[in-house]
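**Q** This is what each chain is made of:
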Amino acid sequence: MTVRAIKGPGGDRVFKGATVSALALLALFFAVILGAMLSYTRWGPFLSALLSEEILFAVRLSLTTATIATALAMAIGIPAAYALSQMQFHGKSLVDSLLDLPIVISPIALGAALLIFFNTPAGAGINSLFVFAVPGIVLAQFAVTIGLAIRLLKSTFDGIDPRYEQVSRTLGYSKAKAFTRVTLPLARNGLIAATILTWARALGEFGATVTLAGATPLKTETLPTAIFLSLASADVARAIAVVLILVLIAAVALVLIRKVAGRGYPL
Amino acid sequence: MIKIRDLSLTLRDFSLRDINLTIDGGEYFVILGPTGAGKTVLLESIAGLHTIKHGEIWVDGVEITHLPPEARRLGYVPQDYVLFPFLNVIGNITFGLDHTAPARSAREKQAKELANLLGISPLLDRDVRSLSGGEKQRVALARALAISPRLLLLDEPFNSLDLQTAKYLRLELRRIHLTLGITIVHVTHNQVEAEEMADRLAIIKAGRLEQVGRPHDVFFYPENEAVSDFIGALNILDCDSCRPLGSGIVEVTCDGMHVLLPHDGAAVRKIALLPRDIYVSERQPPGPQVNRFKGTVTGIKSLGAAVRLEVMVGSRTLLAEMPHDIFSEMDLKVGQEVFLILKLRRMRVLESDGEVGP
Numbered sequence: 001m002t003v004r005a006i007k008g009p010g011g012d013r014v015f016k017g018a019t020v021s022a023l024a025l026l027a028l029f030f031a032v033i034l035g036a037m038l039s040y041t042r043w044g045p046f047l048s049a050l051l052s053e054e055i056l057f058a059v060r061l062s063l064t065t066a067t068i069a070t071a072l073a074m075a076i077g078i079p080a081a082y083a084l085s086q087m088q089f090h091g092k093s094l095v096d097s098l099l100d101l102p103i104v105i106s107p108i109a110l111g112a113a114l115l116i117f118f119n120t121p122a123g124a125g126i127n128s129l130f131v132f133a134v135p136g137i138v139l140a141q142f143a144v145t146i147g148l149a150i151r152l153l154k155s156t157f158d159g160i161d162p163r164y165e166q167v168s169r170t171l172g173y174s175k176a177k178a179f180t181r182v183t184l185p186l187a188r189n190g191l192i193a194a195t196i197l198t199w200a201r202a203l204g205e206f207g208a209t210v211t212l213a214g215a216t217p218l219k220t221e222t223l224p225t226a227i228f229l230s231l232a233s234a235d236v237a238r239a240i241a242v243v244l245i246l247v248l249i250a251a252v253a254l255v256l257i258r259k260v261a262g263r264g265y266p267l
Numbered sequence: 268m269i270k271i272r273d274l275s276l277t278l279r280d281f282s283l284r285d286i287n288l289t290i291d292g293g294e295y296f297v298i299l300g301p302t303g304a305g306k307t308v309l310l311e312s313i314a315g316l317h318t319i320k321h322g323e324i325w326v327d328g329v330e331i332t333h334l335p336p337e338a339r340r341l342g343y344v345p346q347d348y349v350l351f352p353f354l355n356v357i358g359n360i361t362f363g364l365d366h367t368a369p370a371r372s373a374r375e376k377q378a379k380e381l382a383n384l385l386g387i388s389p390l391l392d393r394d395v396r397s398l399s400g401g402e403k404q405r406v407a408l409a410r411a412l413a414i415s416p417r418l419l420l421l422d423e424p425f426n427s428l429d430l431q432t433a434k435y436l437r438l439e440l441r442r443i444h445l446t447l448g449i450t451i452v453h454v455t456h457n458q459v460e461a462e463e464m465a466d467r468l469a470i471i472k473a474g475r476l477e478q479v480g481r482p483h484d485v486f487f488y489p490e491n492e493a494v495s496d497f498i499g500a501l502n503i504l505d506c507d508s509c510r511p512l513g514s515g516i517v518e519v520t521c522d523g524m525h526v527l528l529p530h531d532g533a534a535v536r537k538i539a540l541l542p543r544d545i546y547v548s549e550r551q552p553p554g555p556q557v558n559r560f561k562g563t564v565t566g567i568k569s570l571g572a573a574v575r576l577e578v579m580v581g582s583r584t585l586l587a588e589m590p591h592d593i594f595s596e597m598d599l600k601v602g603q604e605v606f607l608i609l610k611l612r613r614m615r616v617l618e619s620d621g622e623v624g625p
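Note that the protein sequences, when read in sequence, are chains G and P. Quick note on numbering: the first sequence equals residues 1 to 267 in my numbering. Quick note on numbering: the second sequence equals residues 268 to 625 in my numbering.
For the record, the hints were derived by calculation from the structure and aren't laboratory data. There's no promise every hint is true.
Heads up, simulated DSS-like pairs for lysine-lysine below, C-alpha to C-alpha not over 25 Å straight-line [what the hints assert, rightly or not]:
#1 Lys600(P) - Lys561(P)
#2 Lys92(G) - Lys320(P)
#3 Lys561(P) - Lys537(P)
#4 Lys177(G) - Lys92(G)
#5 Lys175(G) - Lys320(P)
#6 Lys270(P) - Lys320(P)
Take these sequences, add in the hints, and give me the full structure.
**A** Given below as C-alpha cells:
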C-alpha cells in the first residue's frame, strides 16, 4: 500500500480498522487463555482443591498481608505523594527517581536486596522477624507496591487545584487542617482507586515475597506462591483453582474502580 | 487601613518591585492593570499566600507580613470563586466558622443572615456545582464574609460572568460595601469596572505601581507613559469658544464641533473624552441632536475584549471603543458612515482659562 492510499477518508477507515483490530486481537488473546484454562478444568478435583485447608490458608494469608501492606503503603504513601506533588525541597527529583525503582526493577531483585539487607549488620537484629516469616510477606508486598501507590497518589494530588487549600487557609485553617479537611475530600476518588490498585498488586505479588519469606505451606504460602507450589508438584487442578480465585478478586477490584471513577467529582 | 511598605517579591520569572501603598479603612480600592502585571500576586501577598522577604504589610496598625494566612482574618475571593465541590452552599458558607463558632445552630444562623444579605437564601441546600456564575460569586462572597474579615480581597470577581450579570452584581457589590462599610481591595484588568467601582485605584504594570488616585485623575491625567499606554489614547479637543447655557452647562466649539458639557467657571480651552465614552451607531439616533456627530470609519483595531474605531468627523479623527461582541453584531467596515454620541457627563475639562490640570 502506498502512502497516498491511506490518506483521506479511506485512510481514516484503514487507521480505525488497524487500531480496532489490535484491540480485538488482544481481547481474543486473553479470552483464549482464560477459555483454555477453563476447558482444562475438571470440576471435581477443582472444588476439592478450592476447599482444601492449604488453599483456604493461602486465601486468608494473602487477604490479610495484602490489606496490612496496603494500609502501610497508604499511611506512608499519602503524605509522601503529597510532598512530592505540592512541595518544593532540595533533592526532590532524586527522591522522585528513587521511588520509581521499585516499579521498574524486578520484584525478585527487590526481594533479594531485602534478604541481603537482613544479612548485613544493619538488618541482622530483626532478621528472624522478617526472613521466612509472615511479616516478611507484608514487607515484600509493601516494598513492591509503595512505588505504584505513590505514583497513583501523586497524580491525584497533582490534579487538585492548590487554590482550594489557599482559600481554606484564608478561612482560618492551618496547613495540616486544610490538607485533611479540603485536599483529602477532593482526592477521595483518587485515594480509593489507588488503594484498590495497590491492594490488588500486593495480592498478586510473588517474586519479592517468595525470596524474602519463602514458600512454606501453611506458613508463608500466599495465593501466588500456591500457584507456584502447585505447578511445581504438577497439581494442575489446584493451580487452576488459585488462578481463578485471583482472576475473580482482580475482576471485583476493577469493577469497584470503574464505579468510583464513574462517580468522580468534576473539579 | 492597609499599609504596604517597600514590598518586593520574586516568583520564578515575575517580580513585584517596591510596592508602597496606603488603603484607607472602608475604602473601595481597585488594583487595575493588564494581564500578567502582578495584580493577583499583590492581592495574594496581602492574603498571606506568599512568603515575603522584603517589605512590610500592616493592617489596622498591626504588622501581618509574616503571619500565616489563617491568622490574618482577611476575606479572600479568588478568581473563579473556588467553591468546595464536596460541600453544598451552606457548607461552603459556614466552612470558615467550623473551627470558631461553638454551635452548629449559631453557624447556620450566621450563614442564613449572610445568605439573606446576598440574596442567596433559596440556594442554601444546593450543590455548588449546579450554580450559575453569578450565584457562585455570591456564595464565595458569603463564605469570605462569614469569618467577619477585617477586609475583603476580590480577584477579578466579574471575570467569568456575562455582561448583564456582571453589571448587576457590580451594583450589588457596591450596595454590600455601603451596608457593611468594609474595606475592599478589588483586582481587575477591566477599566470600566475599575472606574465604576473604585473610590481610588492603583495602576500596576510589570510588577510596579505606576499611579494611585481617584479614577477620574488617573484616567484623565496619567502621570507617565506606562499609565497612558495602558489607559489608551484619549480624545483631546482644543476649544476656541465657550458659551454658558445656564444650569452648569456650557457649549464649546472644538475643532469645528459644537459640544455641550457640564462646566462652571472660566472659559474651556481643552476637553478630554475616553474612547469608551463615545457611542457608535449605524443609524441616525432619534432625539435631540446634542453631542451627536456624523463621521466616517477610517480605521478598526482589535484590542482583545474591545474594538477601537477611528472615525473622521469633519477634519478631525475621534477614537471610539466598544466591546467585541457589540462590534460583531454591527458589522462595521472602513469607509462606512456612522453616528457618534459623545456622553455629556463623561467629558472632562482639561484646561480652562487660568486653570490647568487636576
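**Q** Does each hint hold? Answer for all of them.
**A** Here's how the hints hold up against the structure:
The straight-line distance between the Cα atoms of Lys600(P) and Lys561(P) is roughly 15 Å, inside the 25 Å bound, and the hint therefore holds. Simply put, Lys92(G) and Lys320(P) have alpha-carbon atoms about 23 Å apart, close enough for the 25 Å limit, and the pair holds. Between the alpha carbons of Lys561(P) and Lys537(P) the distance comes to roughly 22 Å, so the proposed pair stays at or under 25 Å and holds. For the suggested pair Lys177(G) and Lys92(G), the alpha carbons sit about 24 Å apart, so the restraint of at most 25 Å is met.
With a CA separation close to 20 Å, the supplied pair Lys175(G) and Lys320(P) stays within the 25 Å bound. With a CA separation close to 16 Å, the supplied pair Lys270(P) and Lys320(P) stays within the 25 Å bound.
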